[in-house]
Amino acid sequence: AQSVTQLDSQVPVFEEAPVELRCNYSSSVSVYLFWYVQYPNQGLQLLLKYLSGSTLVKGINGFEAEFNKSQTSFHLRKPSVHISDTAEYFCAAYSGGYQKVTFGIGTKLQVIP
Amino acid sequence: GAVVSQHPSWVICKSGTSVKIECRSLDFQATTMFWYRQFPKQSLMLMATSNEGSKATYEQGVEKDKFLINHASLTLSTLTVTSAHPEDSSFYICSARVGGRNTGELFFGEGSRLTVL
Chain A
6 AQSVTQLDSQ VPVFEEAPVE LRCNYSSSVS VYLFWYVQYP NQGLQLLLKY
56 LSGSTLVKGI NGFEAEFNKS QTSFHLRKPS VHISDTAEYF CAAYSGGYQK
106 VTFGIGTKLQ VIP
Chain B
2 GAVVSQHPSW VICKSGTSVK IECRSLDFQA TTMFWYRQFP KQSLMLMATS
52 NEGSKATYEQ GVEKDKFLIN HASLTLSTLT VTSAHPEDSS FYICSARVGG
102 RNTGELFFGE GSRLTVL
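Top to bottom, those sequences are chains A and B.
Note that the working numbering has the first sequence beginning at 6, numbered continuously upward.
Note that the working numbering has the second sequence beginning at 2, numbered continuously upward.
Since the hints were derived computationally from the structure, they do not count as laboratory data.
All figures in this text were calculated on a predicted structure; none of them were measured in a lab.
Where a beta carbon is used, it is the ideal one built from N, C-alpha and C, also for glycine.
Don't take each hint at face value.
Straight-line Cα separation of at most 30 Å, DSBU-like style, residue types lysine-lysine; simulated pairs [stated by the list, open to error]:
1) K63(A) x K42(B)
2) K54(A) x K74(A)
3) K105(A) x K74(A)
4) K63(A) x K105(A)
5) K63(A) x K113(A)
6) K113(A) x K42(B)
7) K56(B) x K105(A)
8) K105(A) x K65(B)
9) K54(A) x K42(B)
Some chain B residues judged to face chain A by a derived CB distance under 8 Å, without partners named [stated by the list, open to error]:
10) V4
11) Q43
12) S44
13) L45
14) L47
15) S90
Given only the sequences and the hints, what does the whole structure look like? Please build it.
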């Protein structure tokens with residue numbers, strides 16, 4: 006089985022402050038990991054992905070995430086958030102054996118001016 | 002590259018009518034497309050996997066006679082909500098996987114907001 010847990014449903018943060026959105030996964034096999042962003046009434050856009058190689062992955066809009074196999078985590082970080090980062094963020098996992106993408110429940114990031 | 006377009010973005014219909022939503026891959030061939038449903042403040046629920054030229058594979062609990070999926074070409078999949086009722090009101094999102102890439106990376110359409118009156 007495969008599951009993704011996003012520990013925080015909502016994260017309020019002041020503009021220009023750093024933020025970390027947490028994601029933990031469980032899988033009996035190797036997984037690929039993703040972070041997607043969803044703006045209101047829109048589809049999902051890929052922020053970044055971990056397939057293999059360096060555990061620190063950089064994505065669009067200044068976001069980065071670190072794959073930690075021992076802690077089965079893939080937390081998303083940004084050193085300084087902007088108002089435009091206000092959105093819903095989804096962590097997702099995929100394994101070739103399971104052949105499906107599993108999404109977390111999402112974390113709503115609210116950037117406060 | 003890898004752009005997926007969904008149409009319509011918004012649709013309002015009367016109870017009992019059918020609604021068709023289109024999902025197109027604009028710059029690549031998508032042998033596999035996925036249809037999701039998203040309830041307010043919840044994650045995406047996979048409804049079905051659509052494979053070009055074959056029948057869709059539905060997830061447990063999804064009524065295949067109600068949510069008809071057709072994937073007649075490598076760039077188009079359609080979802081038809083038949084005899085829609087207010088409880089079918091939701092945000093429907095399609096996604097596609099680029100052929101030959103088995104990394105799980107998905108490209109999403111813009112979503113379609115269905116409101117059934």
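Please write out, lowest number first, the hints stated earlier that are contradicted by the structure.
10, 15
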